[in-house]
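Engineer: Residue numbers (the numbering used here), protein chains in the order written: chain W, 1 to 114; chain Y, 115 to 229.
No lab work stands behind these hints: they were computed from the structure.
Every value quoted in this text rests on a predicted model; they were computed, and no experiment measured them.
Worth double-checking, as some hints may not be accurate.
Cut-off 35 Å, straight-line C-alpha distance, at most; resulting in silico cross-link-like pairs (DSBU-like, lysine-lysine) [claimed, not checked]:
{"hint": "1", "chain 1": "W", "residue 1": "K58", "chain 2": "Y", "residue 2": "K132"}
{"hint": "2", "chain 1": "W", "residue 1": "K49", "chain 2": "Y", "residue 2": "K154"}
{"hint": "3", "chain 1": "Y", "residue 1": "K136", "chain 2": "W", "residue 2": "K49"}
{"hint": "4", "chain 1": "W", "residue 1": "K71", "chain 2": "Y", "residue 2": "K155"}
{"hint": "5", "chain 1": "W", "residue 1": "K58", "chain 2": "W", "residue 2": "K111"}
{"hint": "6", "chain 1": "W", "residue 1": "K101", "chain 2": "W", "residue 2": "K111"}
{"hint": "7", "chain 1": "W", "residue 1": "K71", "chain 2": "Y", "residue 2": "K132"}
{"hint": "8", "chain 1": "W", "residue 1": "K49", "chain 2": "Y", "residue 2": "K155"}
{"hint": "9", "chain 1": "Y", "residue 1": "K154", "chain 2": "W", "residue 2": "K58"}
{"hint": "10", "chain 1": "W", "residue 1": "K69", "chain 2": "Y", "residue 2": "K154"}
{"hint": "11", "chain 1": "W", "residue 1": "K101", "chain 2": "Y", "residue 2": "K154"}
{"hint": "12", "chain 1": "Y", "residue 1": "K132", "chain 2": "W", "residue 2": "K111"}
{"hint": "13", "chain 1": "W", "residue 1": "K111", "chain 2": "Y", "residue 2": "K136"}
{"hint": "14", "chain 1": "Y", "residue 1": "K132", "chain 2": "W", "residue 2": "K78"}
{"hint": "15", "chain 1": "W", "residue 1": "K58", "chain 2": "Y", "residue 2": "K150"}
{"hint": "16", "chain 1": "Y", "residue 1": "K154", "chain 2": "W", "residue 2": "K71"}
{"hint": "17", "chain 1": "W", "residue 1": "K71", "chain 2": "Y", "residue 2": "K136"}
{"hint": "18", "chain 1": "W", "residue 1": "K111", "chain 2": "Y", "residue 2": "K155"}
{"hint": "19", "chain 1": "Y", "residue 1": "K154", "chain 2": "W", "residue 2": "K111"}
{"hint": "20", "chain 1": "W", "residue 1": "K101", "chain 2": "Y", "residue 2": "K155"}
{"hint": "21", "chain 1": "Y", "residue 1": "K150", "chain 2": "W", "residue 2": "K101"}
{"hint": "22", "chain 1": "W", "residue 1": "K69", "chain 2": "Y", "residue 2": "K132"}
{"hint": "23", "chain 1": "Y", "residue 1": "K133", "chain 2": "W", "residue 2": "K78"}
{"hint": "24", "chain 1": "W", "residue 1": "K58", "chain 2": "W", "residue 2": "K71"}
{"hint": "25", "chain 1": "W", "residue 1": "K61", "chain 2": "Y", "residue 2": "K132"}
{"hint": "26", "chain 1": "W", "residue 1": "K61", "chain 2": "Y", "residue 2": "K150"}
{"hint": "27", "chain 1": "W", "residue 1": "K101", "chain 2": "Y", "residue 2": "K136"}
{"hint": "28", "chain 1": "Y", "residue 1": "K133", "chain 2": "W", "residue 2": "K61"}
{"hint": "29", "chain 1": "W", "residue 1": "K101", "chain 2": "Y", "residue 2": "K132"}
{"hint": "30", "chain 1": "W", "residue 1": "K69", "chain 2": "Y", "residue 2": "K150"}
{"hint": "31", "chain 1": "W", "residue 1": "K61", "chain 2": "Y", "residue 2": "K155"}
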Amino acid sequence: AQSVSQHNHHVILSEAASLELGCNYSYGGTVNLFWYVQYPGQHLQLLLKYFSGDPLVKGIKGFEAEFIKSKFSFNLRKPSVQWSDTAEYFCAVTPTGGGNKLTFGTGTQLKVEL
Amino acid sequence: ETGVTQTPRHLVMGMTNKKSLKCEQHLGHNAMYWYKQSAKKPLELMFVYSLEERVENNSVPSRFSPECPNSSHLFLHLHTLQPEDSALYLCASSQDAGGAYNEQFFGPGTRLTVL
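Whenever a hint applies, use it, and build me the whole structure from the sequences.
Structural biologist: What follows is the structure, encoded as structure tokens:
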């Protein structure tokens with residue numbers, strides 16, 4: 001079975017700082033990878049996803065993530081965060097061809113201070 | 115607004131109560147899911163339904179009983195729960211359950227507290 005690790009549980013940044021949130025997965029086969037975001041009081045929503053092709057994927061609101069197969073990683077990045085990026089971020093994985101059963105990490109709580 | 119609604123948004127129940135959580139999706143999807151989100155733990159997939167048929171049951175205790183009367187509605191019936199069952203219960207839907215390429219759309223969740 002697959003598993004996902006998010007090592008940063010809480011991150012505090014000042015506005016305009018750069019962001020990188022770590023995500024590592026454990027699975028022997030090919031995977032599809034996702035980042036979801038949950039803003040305070042709102043539902044979980046998709047930020048970006050990787051299925052195949054260019055390992056650098058761009059999502060909404062200026063976020064991007066890079067799939068490094070050799071490191072089993074899919075880190076989320078943003079060059080300059082805004083206060084409105086304060087939210088909880090979840091990395092998730094599903095095996096390619098294994099149905100649509102997402103396995104999530106524990107999440108990273110990001111707080112952006114003015 | 116994702117097109118997935120859940121009611122109630124908050125529920126407090128005793129261990130001997132019977133209650134139900136409701137999920138409705140307005141997206142024309144064929145697959146629906148129940149997840150449990152506990153503090154400091156990853157979201158846990160509980161059940162998957164595809165075209166009203168249960169296709170996944172992730173070793174969930176029988177005190178949780180799902181029901182999918184049609185592809186737009188999903189229920190989670192609760193009976194004799196334990197305090198450790200207190201959590202946020204999320205519903206999601208996707209075009210189908212067989213393809214890993216289908217984005218899942220989540221509802222706002224029901225915050226359940228078991229006393």
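Engineer: What hints, given by number in increasing order, does this structure fail?
Structural biologist: Of the numbered hints, 1, 7, 12, 14, 17, 22, 23, 25, 28 do not hold.
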